[in-house]
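Chemist: One-letter residues, chain by chain:
There are 2 protein chains.
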Amino acid sequence: MELYTDAYFMNEALKQAKIAFEEDEIPVGAVIVCRNKIIARAYNQTEKLTDVTAHAEMLAITAAANALGAKYLPECKLYVTLEPCIMCAGASFWSQLGELHYAASDPKRGYSNLGRSILHPKTKVSSGLMAQESKDLLDEFFKKLRK
Amino acid sequence: MELYTDAYFMNEALKQAKIAFEEDEIPVGAVIVCRNKIIARAYNQTEKLTDVTAHAEMLAITAAANALGAKYLPECKLYVTLEPCIMCAGASFWSQLGELHYAASDPKRGYSNLGRSILHPKTKVSSGLMAQESKDLLDEFFKKLRK
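First to last, the sequence lines map onto chains A and B. Residue numbers 1 to 147, in the UniProt record's numbering, belong to the letters of the first sequence in order. Residue numbers 1 to 147, in the UniProt record's numbering, belong to the letters of the second sequence in order.
Bound conformation, chain A alone (with noise of 0.2 Å):
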């Protein structure tokens, strides 16, 4: 049986967002998984971090990086709640990153928007995966911004 899907990885990302939800901040999470196992977690923080450059992609690929000794990510899989926007995509590309998987898409600020790839060429892109689940989670903190 294998337990470690990409599901089970999605779900790990999404719990990331949660806590991100729990702090105030935007409701982002990621994971970076290596030979099926997950190195990295890490939540947006750009509130508390005060810091723009602080999304959960980033600070996953940083601590990716720190895990494994190594700056670049080929075998690497990044899942991630959101699309990345083109800051994260371009921190993927320099990793040379494996796999991408984003579940909800961000029609506004997503990397795809620029109507080419900005991804490095062997990076793997998947989405959609729980996808639902994540934009409800955007949706339900920024209803309760608006308050």
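Keep in mind the hints are simulated off the structure, nothing from the lab. Glycine is no exception: its CB is placed at the ideal position from the N, C-alpha and C atoms. The reader is advised that the hints may include incorrect statements.
[To be verified] For lysine-lysine, the following DSS-like pairs were computed, each having C-alpha atoms within a straight-line distance of at most 25 Å:
id	chain 1	residue 1	chain 2	residue 2
1	B	Lys71	A	Lys108
2	B	Lys71	A	Lys144
3	B	Lys124	A	Lys108
4	A	Lys122	B	Lys108
5	A	Lys71	B	Lys147
6	A	Lys108	B	Lys122
7	B	Lys124	B	Lys48
8	B	Lys108	A	Lys71
9	B	Lys48	B	Lys15
10	A	Lys71	A	Lys144
11	B	Lys18	A	Lys71
12	B	Lys15	B	Lys37
13	B	Lys143	A	Lys71
14	A	Lys18	B	Lys71
15	B	Lys48	A	Lys71
16	A	Lys143	B	Lys71
17	A	Lys135	A	Lys147
18	B	Lys71	A	Lys48
19	B	Lys71	A	Lys147
20	B	Lys108	A	Lys124
21	A	Lys124	A	Lys108
22	B	Lys37	A	Lys71
[Said to hold, decoys possible] Some but not every residue of chain B turned toward chain A, in silico, with C-beta under 7 Å:
id	residue
23	Thr50
24	Asp51
25	Val52
26	Thr53
27	Met58
28	Thr62
29	Ala65
30	Lys71
31	Met87
32	Gly90
33	Trp94
34	Ser95
35	Gly98
36	Ile118
37	Leu119
Got chain A sorted already, so can you dock chain B onto it with the hints?
Modeler: For chain B alone, coordinates are given in the frame of chain A:
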């Protein structure tokens, strides 16, 4: 007499690039100026930190926000010795950077290759100041690397 000209600040960025050179990092340096005062200085540290996100601009944006205690940098000017990549341009977007001044262009990895601006609409841009000095330093670095 105006001491704090664009050339003065770009030269300070170039000094950072030279530190990177001495430390065997790709020599790119940056400073961030707010109300005529340098509030952040940084140079590329991707090797030392084993972190592809540790570009000079990223470190400078994080440091400037930290210095100001504020996420956004609309009154700040970033001086950087090489045209920012997509990741760094994306970070400058999120920071709502006031002005971007870069020295040398980066025909291969510069953000302007995308054909449309990914900067924040309010970010003013200038380029070319001390471009030759910056390019010479980069060329010297890659020549040294190939030996």
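Chemist: Look at each hint and say if it fits the structure.
Modeler: Right, here's what the structure says about each hint:
1. B:Lys71 <-> A:Lys108: Since the Cα atoms of B:Lys71 and A:Lys108 sit roughly 21 Å apart, the hinted pair holds (cutoff 25 Å).
2. B:Lys71 <-> A:Lys144: 21 Å, holds
3. B:Lys124 <-> A:Lys108: Roughly 22 Å between the alpha carbons, so the hint for B:Lys124 and A:Lys108 holds.
4. A:Lys122 <-> B:Lys108: 18 Å, holds
5. A:Lys71 <-> B:Lys147: This hinted pair holds, its Cα atoms lying about 23 Å apart.
6. A:Lys108 <-> B:Lys122: Holds, at about 18 Å.
7. B:Lys124 <-> B:Lys48: With a Cα-Cα distance of about 32 Å, the restraint between B:Lys124 and B:Lys48 is violated, given a limit of 25 Å.
8. B:Lys108 <-> A:Lys71: Since the Cα atoms of B:Lys108 and A:Lys71 sit roughly 21 Å apart, the hinted pair holds (cutoff 25 Å).
9. B:Lys48 <-> B:Lys15: It holds: about 18 Å lies between the C-alpha atoms, which stays within 25 Å.
10. A:Lys71 <-> A:Lys144: At roughly 38 Å apart (the allowed maximum being 25 Å), A:Lys144 and A:Lys71 break the hint.
11. B:Lys18 <-> A:Lys71: Judged against 25 Å, a Cα distance of about 22 Å means the pair holds.
12. B:Lys15 <-> B:Lys37: 16 Å, holds
13. B:Lys143 <-> A:Lys71: 22 Å, holds
14. A:Lys18 <-> B:Lys71: 22 Å, holds
15. B:Lys48 <-> A:Lys71: 10 Å, holds
16. A:Lys143 <-> B:Lys71: 22 Å, holds
17. A:Lys135 <-> A:Lys147: OK: A:Lys135 and A:Lys147 at ~19 Å, within 25 Å.
18. B:Lys71 <-> A:Lys48: OK: B:Lys71 and A:Lys48 at ~10 Å, within 25 Å.
19. B:Lys71 <-> A:Lys147: Holds. B:Lys71 to A:Lys147 sits at ~23 Å (cutoff 25 Å).
20. B:Lys108 <-> A:Lys124: With a Cα-Cα distance of about 22 Å, the restraint between B:Lys108 and A:Lys124 holds, given a limit of 25 Å.
21. A:Lys124 <-> A:Lys108: Answer holds: A:Lys124 to A:Lys108 is near 22 Å, not above 25 Å.
22. B:Lys37 <-> A:Lys71: Cα-Cα ~34 Å, so violated.
23. Thr50: Constraint on B:Thr50 satisfied, holds at 5 Å.
24. Asp51: Since chain A brings a Cβ to about 5 Å from B:Asp51, closer than 7 Å, the hint holds.
25. Val52: 4 Å, holds
26. Thr53: 5 Å, holds
27. Met58: Because about 6 Å separates B:Met58 from the closest Cβ in chain A, which is inside the 7 Å limit, the hint holds.
28. Thr62: Nearest chain A Cβ about 5 Å off; hint holds.
29. Ala65: Because about 5 Å separates B:Ala65 from the closest Cβ in chain A, which is inside the 7 Å limit, the hint holds.
30. Lys71: Check passed: Cβ of B:Lys71 comes within 5 Å of chain A, closer than 7 Å.
31. Met87: Holds, about 3 Å.
32. Gly90: For B:Gly90, the interface hint holds, since the closest Cβ of chain A sits about 3 Å away, which is under 7 Å.
33. Trp94: 4 Å, holds
34. Ser95: Nearest chain A Cβ about 5 Å off; hint holds.
35. Gly98: 14 Å, violated
36. Ile118: 6 Å, holds
37. Leu119: 10 Å, violated
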